[in-house]
Structure formats: structure tokens, C-alpha cells
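Chains as they are written, first to last, in the numbering used here: chain A, 1 to 235; chain B, 1 to 235; chain C, 1 to 235; chain D, 1 to 235.
Some clues are possibly wrong.
No copy is singled out in the list; a pair is fine if it fits within one copy or between any two copies.
What the hints assert, rightly or not - No farther apart than 25 Å at their CA atoms in a straight line, the calculated lysine-lysine pairs in the DSS-like style are these:
1. 171 with 199
2. 171 with 210
3. 201 with 171
4. 21 with 55
5. 184 with 210
6. 199 with 184
7. 39 with 184
8. 39 with 140
9. 184 with 171
10. 2 with 55
11. 2 with 201
12. 20 with 210
13. 19 with 171
14. 210 with 199
15. 184 with 201
16. 199 with 209
17. 210 with 19
18. 199 with 19
19. 19 with 184
20. 199 with 21
21. 2 with 171
22. 19 with 140
23. 140 with 20
24. 21 with 201
25. 209 with 21
26. 209 with 20
Since the hints were made in silico from the structure, they are not lab data.
Here is how the chains run, residue by residue.
Protein chains: 4
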Amino acid sequence: MKRELDHLARFLQAAVDWKKKIRFNGTLLIEPKPQEPTKHQYDWDAATTLSFLQKYGLSGEFKLNIECNHATLSGHSCHHELETARINGLLGNIDANTGDPQIGWDTDQFLTDIGEATLIMLSVIRNGRTCTRRFNFDAKLRRESTDVTDMFIAHISGMDTLARGLRNAAKLIEDGTLDELIRKRYESFDSEIGSQIEKGKADFATLEKKAMEWGEPSVASGKQELAEMIFQSAL
Amino acid sequence: MKRELDHLARFLQAAVDWKKKIRFNGTLLIEPKPQEPTKHQYDWDAATTLSFLQKYGLSGEFKLNIECNHATLSGHSCHHELETARINGLLGNIDANTGDPQIGWDTDQFLTDIGEATLIMLSVIRNGRTCTRRFNFDAKLRRESTDVTDMFIAHISGMDTLARGLRNAAKLIEDGTLDELIRKRYESFDSEIGSQIEKGKADFATLEKKAMEWGEPSVASGKQELAEMIFQSAL
Amino acid sequence: MKRELDHLARFLQAAVDWKKKIRFNGTLLIEPKPQEPTKHQYDWDAATTLSFLQKYGLSGEFKLNIECNHATLSGHSCHHELETARINGLLGNIDANTGDPQIGWDTDQFLTDIGEATLIMLSVIRNGRTCTRRFNFDAKLRRESTDVTDMFIAHISGMDTLARGLRNAAKLIEDGTLDELIRKRYESFDSEIGSQIEKGKADFATLEKKAMEWGEPSVASGKQELAEMIFQSAL
Amino acid sequence: MKRELDHLARFLQAAVDWKKKIRFNGTLLIEPKPQEPTKHQYDWDAATTLSFLQKYGLSGEFKLNIECNHATLSGHSCHHELETARINGLLGNIDANTGDPQIGWDTDQFLTDIGEATLIMLSVIRNGRTCTRRFNFDAKLRRESTDVTDMFIAHISGMDTLARGLRNAAKLIEDGTLDELIRKRYESFDSEIGSQIEKGKADFATLEKKAMEWGEPSVASGKQELAEMIFQSAL
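Next comes chain A alone, as it looks inside the complex (with noise of 0.2 Å):
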């Protein structure tokens, strides 16, 4: 296994020497995917990917390519696959293919939940500009779909699911009332010992000072089924 890793970072590397050789300017996209076609795939999912770049040194020199039906294959959200590469630095574009969330295999459809495309659209706003983002339809159909107007009804569905998401996302953030929830969940950490926690300046001795001092925390709600009302009423 730790040969076969080896000589798929040779192979990487090899690319990213060709590219900069031949001055080619693109971003170069690994799509991680799990299951198909081997089951310990070494690209399983956005973390996995992640773990290898940095151990070969090629973090800086790939993006990620996420596929929702990939994410849901290797036990994982769409949203979380594409937060996993956006804090990391790496979405780098998405394939927009979705897949039965109860089928263990890579179906191939078209986004047609509104749900799942808000979602999508909030990471895209949120990587900004500078970042390559762009979307790919594979251009495959259900072995059932033998009219040639099942491609573009398949294409015309998916992509205005897509701007439906975008308009969603974008009404989400204008509105501001989700992320003013997040901010308040976290706000411990913005004065006092939380914030000193997040300079890295509290210590285990500071920490068990303070608990002793404070007693026995209350424990807050995280106001999950408020998030999920205010996400959905956006739909």
C-alpha cells in the first residue's frame, strides 16, 4: 500500500513538473472517490485527499474536483465535501452529478434537489472570486433515457435547480439570520478565556482554574431545529 501511494505521488509530481515545463497555466483537479473502481480508494474523500498532498508535498499544487455522488458514496454530505476543500484552500470546481443517497453506487444524475443546491451555493459564494469554480455536467444518461430531448431536459433541470440554489444561497446571506445563529453559538470564543483559548495561550492549568473558579457549566442549546426552519424557509 505504501509503495502503490509512493508511486502515485511519482506520477503527480511527474504531471505538475510537465505542466510548469510546458507552461501551462490551468489548475490541476483531483476528484476523490470512493468504492468504484477499487474499495480502498487512495482519493476516498475531500480529508483523505487532503492527507495525501500534505505528506507528498503537493498541497499547493492540486485543487479538488467534488462530485456530490462521490461524497454521499464515501459516507458524507455534498456540503461537507466541498467546506473540507474550501477551508483547506482546495475546491477548486464541481462536478454537478448527484446520486440516489441509498444506492451504494455512482448513478450519475443531474442535481435536482433544491436543498442540496442552496447548500452547494453557500460553500461557491463563500470560496469568492479568486478561486477557480466552475461546474461540469457529465454528459451521461439513465440507461432508460434513450431520447435525444432526455439530454437537454436533464441538462435544462440540473442547471436551473442549480440557479435556484444560487438564488437561495444568496438570499441566506443577504438575510444574514443563519450566520448571525453560528456567530452566537461561537461567541465564547470571541472575548475572554475563549479567545485566549484561540491564541493558543490558555493552558490545561489556566483552563482547570477557571472550571474550578466557574463551576458547572449550563449547557446551551445549538439551536439545530431553528438552523433547519430558517434554512429551509429559504427554499
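Start from chain A and add chains B, C and D according to the hints.
Just chains B, C and D now, with coordinates in the frame of chain A:
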């Protein structure tokens, strides 16, 4: 295993007898559930429960209480479970709980997915007025939902989602495009050889003769992309 | 969905009629399979297929061909599927293919797991001599298995695994410890109130009276760890 | 999500600092776990935990405690998780619990599968003497296991399974056939162009030249069926 199933049937038969003895007119409900608390639940899903009820002569005495989270855990969609129950005259009640499609256990959240709620309501409307059909909410919350208001928000959000689902379902049925698509998909069974097949009058000899006469049939598109676009447009 | 199921039943009835007409004495087999090629297969697992056969009056005409890989994909163990078929008089044949327990599609490998083979053979032996029971191997290999010898090795290995499973199963049955454990687990149904329950003579009134008389029952251990140890020791 | 990961890193760094301050020489362990208690665990599996440790400069300070049940829940085999940890110098301890491969939550059973135990022991032996490597058993039992003897049986059975696994693993390593198969599978990387690739000296220009010179390569069989047969014969 056979002995356990026999015991279960005896117990349910005794419950039916008792119900009659005390002149209780309510409907007895079984809630299919896979994986929990035992791996090989004998009420895994609607079809498994139907096979049990038929085998022990209990199908007239029980109806099913379908829960979306249990549907997911059994590998089906909620709509599939509802329709399996409905077309067998077994849809008695709906447990308005849902779960994460990728986590393998019962998370008991309330519904927030408008698409899922619309599919549920299509089954409810088609099940008609003469059938028992109610919704119940399990009054539980997530471990993190510690405010008393979380309970209210969860119920309001779940109820609103079902209300939006009902409106969407009514719109889809009134519009009729989706039903027309399904009617056309199966219309070859409305006349000639198709209707003979439905009446059980077309044996293999007749079918072979027709197949030789007509030659290779053209494969008609299932129009699934169109069906999904129509559905999503109603949300 | 109802119409599709009706059509399937008509087709299978026509096959039965044809079989009789041409005086074919072989057994007609249905191989339950979930998720492929359609998500909502009407022959999802043994219990689902039983519910279909019962509903359409076809249970006497078909037996099941159980495949371990399909069992896994439906969320069950192979042994559960075999026993479900066996206790309903439906175990007709076994497809000696297995799959990876965590990959969600049909990998069509041959059996190499001795434990799984032993459980299979326990069902085969218990199914008895009067029932049709054969094994078939799908003559496929993995994409990477490009040598002609791979085909031989796969069959030899699969056959050896089944042979070892048969020996282990015979040993477990001859030894009798496991059967005795099961007998003891259910012995309260062999006498007194338990045998009354099995005969359908104990109604709720009788049971309530006994429950009040005896008080809170002690919870007997299921001895599952012991059962697993006995089973593994035979491998 | 980024903020939560930062906090986790701060906390672990504080633990490392505290360990040094009190001159504690033990190994700090992280036990990767997916899906529970939150869906998007930041320590999902070995590779995810490695990506986290690398990003925050903590890889030298922590080793992993691999649990087979958690491996299964993350979509991997236990052996894959152990090897991922081992080849990255992170295999610190093994939690000798396993789970049902098809139930989606932590069942915390003790190991009874000889094949799984053999694979585990192959990783343990290869991890060598200089590494911390111990096993621990979580002292829990199933809900039904109410006898005090069940606790003893479970531990004896788990320990025996590991002992049989160790013997099998030693036999496989001493025999050498499996290792030889792997050596041959990758031997094209031992000489000429292959060893140049491993040394990072073969760029795309060199590889293209060789590819043109040699023409279409013959596809060598992966001999997976043979590998599985050798492995199973040792059990």
C-alpha cells in the same frame, strides 16, 4: 427463527381476539423497523411485514404505521414504503419522523425536506378518505436541543413542512402532467395485446406469435428526467 | 407500482402455465436482488418475494435462488436470507457468489469466508434431501483477473470453501451443543403456559392472570457470546 | 467548521504541552470514529485524522487507536485502517472490538472472526517491536447478556480469536507465498524504468518515449483469487 415468528403471530392473534372481546374499534398498527433493536427484525419493511401478515392470516387485522427514518434504514425511500403499504390496503398511519439518509440508525428528526413531504402527501391523498391516516410526531429532541423552545420549533417546522408538502402534492395532482406522463408510459397495456396480458388471456404461445410478427420493438424512453423536472418545479 | 406488480405476476403465471403445457418438471426459481438494476426491486429479498408470491397465489409454483451478495446488499446476512427461504419452504438453489460487505453493489466474487460457508451449509443440511438444493457459480472474474488460470483458481477456492463449510456444519450438528443451547433458550415454550401459547390457547386474560401470579420475570441471558464461541471453535 | 477544527487543534496542543510539563512519557492516542456522536466527525478515519494532525503540526505527538467497528462504519475494512495508520507511523494501539458489517452503528462486540483477526495480526507483526502496540477490550456486553459469565466468555472468545489470528499471521509470514506474490506484482518497479520512476527521475518525456518504443503493454493478472486462496488456506 420459525418458532419466534410463530410466537409473534400467536401474540398478535391474541391481541386481535382481545380487541374483539372488549369491542375496541380502533385500528391495530404495526410499525415496520429494520436493524434496531435486533439486526434481523421480522418487521424489516412494509413488504416483509406484509409477507408475515399474509402467512399467518392476519392481513385483515393490522395496518402499518410507516416512519420515514425506518424506510431509509431498510434501504428504501419513504415514498416506496408508503406506496407498498397503500397498494396493499395497509397504509394506516404515518410517523412524521425522518433521519439522515447516510447515518445507519434512527435519528428521529422531524421532517424538513419539502421534496420528501410532497411525496408523502401524494401517497396520503391517493390513499383516500375512507382509510385511517394520521400523522404522529415522536416528542423527542436531539441531545443538544436543551431549550424548551427547541421542542416548539421542531414541531412548527415539521408541521409547516407537511403543510407545504400537501400544497405541492395537490398542485401536482390538479396539474395532471405527472399523472399523464405515467398514463402514457403504460398505455400499451390499455389496448390490444397489452389489455389481454392484464386480463391474463395472453399465454406464451400468443406472445411468441405477436413477437415474431412485430419484430424488434423500439425502446421507448422512460422520461425520468422530465418527470423529475415536473416534480421539482412544483416545490 | 401496483400495475407493474400485476404485470409481473401475469408474466410469471404465464410461465407457470407454459411449463405445465410443455410438461416441464423442473423447478422455477426467482433470485431476489435489491438495488440493481432499479432502486426499488420488487424482489428485494426473500421476504419481499414471499409477500409477492403469496399475494398473487404463486407461492406453490416458485422457489428461491439465494445469492449471498444480494443478501448483503439488501441489508441482511446470507444466513438470514437462506433461513427465511427455508422456513417458508422456498429454498430451491444457492448462487455461490459473495460480495464485499461494505461495497454497495454486486461484486460477484466466489465464497472464501469459512464462517459464511459454514452458516450456508447449516441451512442446506436442515433444508433436507427432498428439496431441490444445488449451487451454481456465475462464471465471471474480476476486471484484473486476466489469466485463464484465475478462473480455475476462483472455482477451486470457492468449492474448497464450501467443502470446509459442509464439514464444519456437519461437525456442529453432530456435536449438538449449539442446538442444545437453542433448545434451552426456548424451552419455556415446551411446557405449561408456553405450550398453551404455541397452541393458541392462551388469551390475554390467561396471560394477565399468570403474570400477576408470577410477578416480575428474571431476564435470562441470551448466551450469544457462548453461541458465537461454540460456532467459531468449529471453524 | 474551520473554527471548530482550530479549537480541537488548540485543545490537543494544550494536552501535548501539559504532558511535557508533567513529564508524562506515555503515548497520546486518538481513536478515529465516524458518524457517532456527530455525523461529520473530524476524526472520521485514519486518513482524515492524519490530514488533521499534519495540518496543525501535531503528527509527531499523537498515535492512533484503531477500532475495527469504527473502521467498518467509515466504509473501510479494519485491515485498511490499520495499514493506513502503520505506513504513516501512527499505529499506536488496537481496540479489540468489532461490529456487524451491515449495521450502521457501534455494536461493540469482541472479535470472533478468525480471518479479520489474522489480517489484524499481519499489521501488528509488520508494525514491529519498537512501536507501542497493545490491545484493549471495552468491557461492555450486549443488552441480552445478563449473566456474569457472559463477560468472561466474551473476553475468552475475543482473546482466543486474536491468538488464532496471531498464529495464522505468523504462518503466512513464515510461509512467504503471499509476500512473494506481492513482490512479483510490483517487481517492474525494482529495475530499469520502474526504479527510475520510484527515484523520481522519470519525467513525462522519458515515459512517453518508452511507451512509444514498447507499444501496448500486456495486462498482467492481479492474481487476487490466488492471494485469497492462500490466505484462506492458512486459517
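Going down the list of hints, with the structure as the test:
1. In this assembly of identical chains, residue 171 and residue 199 lie within 25 Å of each other by CA distance neither inside one copy nor across copies; the values are 33 Å within and 53 Å between.
2. For the identical chains of this complex, residue 171 and residue 210 are neighbours neither inside a copy (41 Å) nor across copies (56 Å), given an alpha-carbon limit of 25 Å.
3. Taking the shortest alpha-carbon separations for residue 201 and residue 171, neither the intra-copy value of 38 Å nor the inter-copy value of 53 Å comes in at or below 25 Å.
4. In this assembly of identical chains, residue 21 and residue 55 lie within 25 Å of each other by CA distance solely inside one copy; the values are 24 Å within and 29 Å between copies.
5. For a Cα distance limit of 25 Å, the shortest separation of residue 184 from residue 210 inside one copy, 21 Å, qualifies, whereas the shortest one across copies, 58 Å, does not.
6. Proximity of residue 199 and residue 184 under a CA criterion of 25 Å is satisfied intra-copy only: 19 Å inside one chain copy versus 52 Å between copies.
7. Taking identical chains as interchangeable, the C-alpha atoms of residue 39 and residue 184 lie at most 25 Å apart only when they sit on different chains, with a minimum of 22 Å there against 42 Å within one chain.
8. In the homo-oligomer, the alpha carbons of residue 39 and residue 140 lie at most 25 Å apart both inside one protomer (23 Å) and across protomers (18 Å), since each shortest distance falls under that limit.
9. For the identical chains of this complex, residue 184 and residue 171 are intra-copy neighbours only, at 20 Å inside a copy versus 39 Å across copies, given an alpha-carbon limit of 25 Å.
10. Taking the shortest alpha-carbon separations for residue 2 and residue 55, both the intra-copy value of 12 Å and the inter-copy value of 20 Å come in at or below 25 Å.
11. In this assembly of identical chains, residue 2 and residue 201 lie within 25 Å of each other by CA distance solely across copies; the values are 19 Å between and 38 Å within a copy.
12. Proximity of residue 20 and residue 210 under a CA criterion of 25 Å is satisfied inter-copy only: 21 Å between copies versus 54 Å inside one chain copy.
13. With identical chains, the CA atoms of residue 19 and residue 171 are never at most 25 Å apart, being 40 Å at best within one copy and 48 Å at best between copies.
14. In this assembly of identical chains, residue 210 and residue 199 lie within 25 Å of each other by CA distance solely inside one copy; the values are 17 Å within and 54 Å between copies.
15. For the homomeric pair residue 184 and residue 201, the shortest alpha-carbon distance inside one copy (22 Å) is at most 25 Å, but the shortest distance between copies (54 Å) is not.
16. In this homomeric assembly, residue 199 and residue 209 come within 25 Å of each other (Cα to Cα) only inside a single copy, at 18 Å, whereas the closest approach across copies is 54 Å.
17. Taking identical chains as interchangeable, the C-alpha atoms of residue 210 and residue 19 lie at most 25 Å apart only when they sit on different chains, with a minimum of 20 Å there against 54 Å within one chain.
18. For a Cα distance limit of 25 Å, the shortest separation of residue 199 from residue 19 across copies, 20 Å, qualifies, whereas the shortest one inside one copy, 39 Å, does not.
19. Neither within a single protomer nor between protomers do residue 19 and residue 184 lie at most 25 Å apart by alpha-carbon distance, with minima of 46 Å and 33 Å respectively.
20. For the homomeric pair residue 199 and residue 21, the shortest alpha-carbon distance between copies (19 Å) is at most 25 Å, but the shortest distance inside one copy (42 Å) is not.
21. In this assembly of identical chains, the alpha carbons of residue 2 and residue 171 lie at most 25 Å apart only when taken from different copies (23 Å versus 47 Å within one copy).
22. Proximity of residue 19 and residue 140 under a CA criterion of 25 Å is satisfied in neither setting, with 29 Å inside one chain copy and 41 Å between copies.
23. Taking the closest pair of Cα atoms, residue 140 and residue 20 never come within 25 Å of each other, the shortest separation being 33 Å inside a single copy and 44 Å across copies.
24. Taking the closest pair of Cα atoms, residue 21 and residue 201 come within 25 Å of each other only across two copies (15 Å); inside a single copy the shortest separation is 46 Å, beyond that limit.
25. Taking the shortest Cα distances, residue 209 and residue 21 sit within 25 Å of each other only across copies (17 Å), while inside one copy they are farther apart (58 Å).
26. For the identical chains of this complex, residue 209 and residue 20 are inter-copy neighbours only, at 19 Å across copies versus 55 Å inside a copy, given an alpha-carbon limit of 25 Å.
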